[in-house]
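2 protein chains.
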Amino acid sequence: MISKNEAKYIQSLFQKKQRDILGVFVAEGVKLANELIQSRIAIDKIYATEDWEPEIPAPLPIQRVSDVELAKISGLQTPNKVLVIAKKPSYAFTGIPKKSCSLALDGIQDPGNLGTLIRIADWFGITTIIASEDTADCFNPKVVQATMGSIARVEIVYTNISKALANTNVPSFGALLEGKDMHAYAPVKEGVLVIGNESKGIRKEVIEQIDHAIHIPRRGQAESLNAAVAAGILIAHLYR
Amino acid sequence: MISKNEAKYIQSLFQKKQRDILGVFVAEGVKLANELIQSRIAIDKIYATEDWEPEIPAPLPIQRVSDVELAKISGLQTPNKVLVIAKKPSYAFTGIPKKSCSLALDGIQDPGNLGTLIRIADWFGITTIIASEDTADCFNPKVVQATMGSIARVEIVYTNISKALANTNVPSFGALLEGKDMHAYAPVKEGVLVIGNESKGIRKEVIEQIDHAIHIPRRGQAESLNAAVAAGILIAHLYR
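These protein sequence lines are chains E and B, in that order. Numbered per my numbering, the first sequence spans residues 1 to 240. Numbered per my numbering, the second sequence spans residues 1001 to 1240.
Hints were generated in silico from the structure; no laboratory data involved. None of these values were measured; they are calculated from a predicted model. For each residue, glycine too, the CB sits at the ideal point set by N, CA and C. One should not assume that every hint holds.
To be verified - Listing some non-contacts, in silico: residues in chain E with all C-beta distances to chain B over 12 Å: (1) N5; (2) E6; (3) V157; (4) S162; (5) K204.
What the hints assert, rightly or not - Calculated cross-link-like contacts (lysine to aspartate or glutamate; reagent style EDC-like; alpha-carbon spacing at most 20 Å): (6) K1031/B x E223/E; (7) K31/E x E1223/B; (8) K1189/B x D181/E; (9) K142/E x E1223/B.
Isolated chain E, as found in the complex (with noise of 0.2 Å):
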């Protein structure tokens, strides 16, 4: 049985501010629970139904629940055997990762979208994302879901990425329409790439800070690209 105030603090957790106050955040899903067992997060408490175990057996705070409780505390359409509440890490901004390759989102707004970034560095071995404030909240959980479990191992560190780039010597590249050719770019070692906002772009300071402008050369129409996919095309492309 899970009781009203439970329940209630759980869909508490639906709200960034009560996430910063409680430290705490919601992922859902087979796939998610087991990764984030797996990984250096901690888990508060896990809801789940008497059908799911975890791969790795180990001794975690199972509360079982039926289909119906699991559906009332679940964010998602269709709920998928487990939710588990885990411990936000919180990392400290500490300069831009010298020696390896960054990614600095600029205002991403979209949960999809962030969701999908986080996978995207996850998937391409970068493990750090330097975020500006006003960039959507990484422990959301529709980001959490869309990064398809990677949110256990990348780490978003929200910090003023104008002042940060000002602070750092590691090359930095910008998306923006205007750019060169990213063509025109051999690989790199160690760069930061920064992304910008969905509609608006990299904000004024911000570019005045950047190194490189970049762009993906254009052969049709669209006025534009996703932000996501955009940042795939620029990372697979100058960090591979």
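Given the coordinates of chain E, work out where chain B should sit on it, guided by the hints.
Frame of chain E; chain B shown alone:
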């Protein structure tokens, strides 16, 4: 005033079956409306609030509606001034395009992914998408919105992909996790890139018809990339 019957008719267009019977589809918002008006697609009717005017003045079947009326017929959370009913173009399959680059989709299910794929095609000048019969309907309003207007410029043809590949000499490439590193391939001027279903990938009988299995090198731990992101990366590399 929108009559009850008219509202019912518009709502029915959110169902594929009705779109197929009636031969029309719904597109919403200022940008999409302008793109459609300027395209080859025929406009059946436009419902718009008083403050909307087309970018290019033209004789158009505009019916003025109030904000409340627009909200009633809209499929968007935040209706954006105009809703267009347009005639569904129907393209016959005449073989995989020769001497150019095309995209083939094998069972893409998510409307957002399909819309983003159409937008990617449009960016890179790919004018034809071949889609398996079980791919999501490109005139689903969610797909139309996600194309950001590219639906007006890219032809999507539904057919049996496996047969289509069997009957062509155009070199085919398939996005497969077990494929060869894409960097082993030089850019091509003629080709068809096959992207599979979000969870199941490309089906067996289609794989059997593919000339080159290629993949995006992974350096991290994510199990997969989003289908649209993978398509974008492969297209940018292969069709540059």
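For each hint, the structure was consulted:
{"no.": "1", "hint": "N5", "verdict": "holds, 31 Å"}
{"no.": "2", "hint": "E6", "verdict": "holds, 30 Å"}
{"no.": "3", "hint": "V157", "verdict": "holds, 17 Å"}
{"no.": "4", "hint": "S162", "verdict": "holds, 27 Å"}
{"no.": "5", "hint": "K204", "verdict": "holds, 24 Å"}
{"no.": "6", "hint": "K1031/B x E223/E", "verdict": "holds, 11 Å"}
{"no.": "7", "hint": "K31/E x E1223/B", "verdict": "holds, 11 Å"}
{"no.": "8", "hint": "K1189/B x D181/E", "verdict": "holds, 19 Å"}
{"no.": "9", "hint": "K142/E x E1223/B", "verdict": "holds, 19 Å"}
In this structure, none of the earlier numbered hints is contradicted; all agree with it.
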